Amino acid sequence: MTDDSLIKALKKDDRTALKSLYLDHKPAFIGFAKRYDLERDDILDIYQDAIIALRENALKGHLDHLRSGLKTYLFSIGKYMIYDRLKEKKKLFVTDEVRDPDDFDNIKIISIEHGFSDRQRQMQKAFKQLGAKCQHVLTLFYFRGFTLDDIVTELNYNNKDVAKSQKARCIKTLKQIIIKTKQ
Amino acid sequence: MKSESLIVKFFENTLSPEELTEFNELMDNNEDFRKEVEFQKELKEVILLSDRENIKQELKAIEPGARKSKFKMWPIAASFVVLLGISAFWWFSDPNVNPEELFDAQFEPYRNVVQPIERGSDTKDLRILAFRAYEEGNYDIALEGFNNLLEKYNDSRIHFYKANVLLQLGKTEEAIDILEKNMTEADSLVEKHHWYLALAYLKIGEDDKAISQLKPLINNPNSEYKKKEAQALLNKIN
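Order-wise, the sequence lines are chains A and B. Start counting the first sequence at 1; every next residue gets the next number (my numbering). Start counting the second sequence at 184; every next residue gets the next number (my numbering).
Please keep in mind that the hints were generated in silico from the structure rather than gathered at the bench. Quick caveat, the model's predicted, so the values are computed rather than measured. Treat the hints with care, as some may be off.
Claimed, not checked - Lysine to any residue pairs mimicking SDA-like chemistry, simulated, CA-CA at most 25 Å apart:
1) A:108 with B:209
2) A:172 with B:211
3) A:79 with B:237
4) B:192 with A:16
5) B:410 with B:293
What the hints assert, rightly or not - Over 12 Å on every C-beta distance to chain A, these chain B residues come out as not near it, computed from the model:
6) 195
7) 216
8) 228
9) 370
10) 398
11) 408
Idealized CB from N, CA, C, for every residue including glycine.
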């Protein structure tokens, strides 16, 4: 697959494409990361996070006018994350160059957090109890960055009002589930 | 109806400058409106975190090791334990670690989740100016901006970001003061308050107080926020 078609696939949330991207560059990334003082577990963890960050950049359209190759982009993200991890482990000192002047694509998402707060966990549990349709609509709107108009096209709704009230209904249901679980 | 449309447009990033002003006014003066926006912001964050969690699981699952029998994994696991032991020994016995370095290694200002910033857009909106300075690392300007905002509105989230700026500027005691007072007000940011307080106490050498802020993070069954980092830090302090 060319970089262009791969980016298009990623933007459509094509998981098969994501996994093949992951597997294609894994050996090279591990080879590249070996020069740093990191365990293999750490390297794999970082590589997975770099793939996640790349996907989020793609979904947000940040890769639409990519000047470097996709692999270079992926490795740039990975490199920042390696530096972060080294810093965390106190194996990197501030005098070391962290920003690479050769990175000409301005990468938007270069670090990602995984931690849920208490409230967020509760909300996640409630979210998972919603019907598939509601989860889909809310994910399109809040995560994929779809506007209501985009959702109308994507889900073949008749008009924007349908999308709007569908979304409002889902939020209402979500709130009800949260209240119920608190009681 | 009107306010619902404003919220939709806020999340779509399609608010006009006039609508943005209207939006911010409602945020400052209408409690129900603000709560609704906060709820949806939290939902957005939850969906993002859930997505990351899912993708991470999927990627882990295609690792060859994930399907192998546990038996075959033992030698690998055992060698990891040894490796971990060695690096932990090196790490924990490092005599050169001082509180200042611990703080520097862990501290980074909490990211802006309050105000989305459009690059290059011209604005006089105080909130945008303050958060833009914050994101760009112009902490003196950000501090001034947050102070101006706080004169007008007593917003717990702004207090939190102000504390972050103070930490960045080395005004640790001032930051502690704010975080301690703000903790009970900032419902959705409680875990973050614990974390930054722990780092701040560490920096001024108040290890016991740092520990008492780390423990709620470590012992919280429902939150993963900074749990690993808190445990690692606790081990180092002891």
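Those earlier numbered hints the structure runs against, lowest number first:
1, 4, 6, 8, 9, 11
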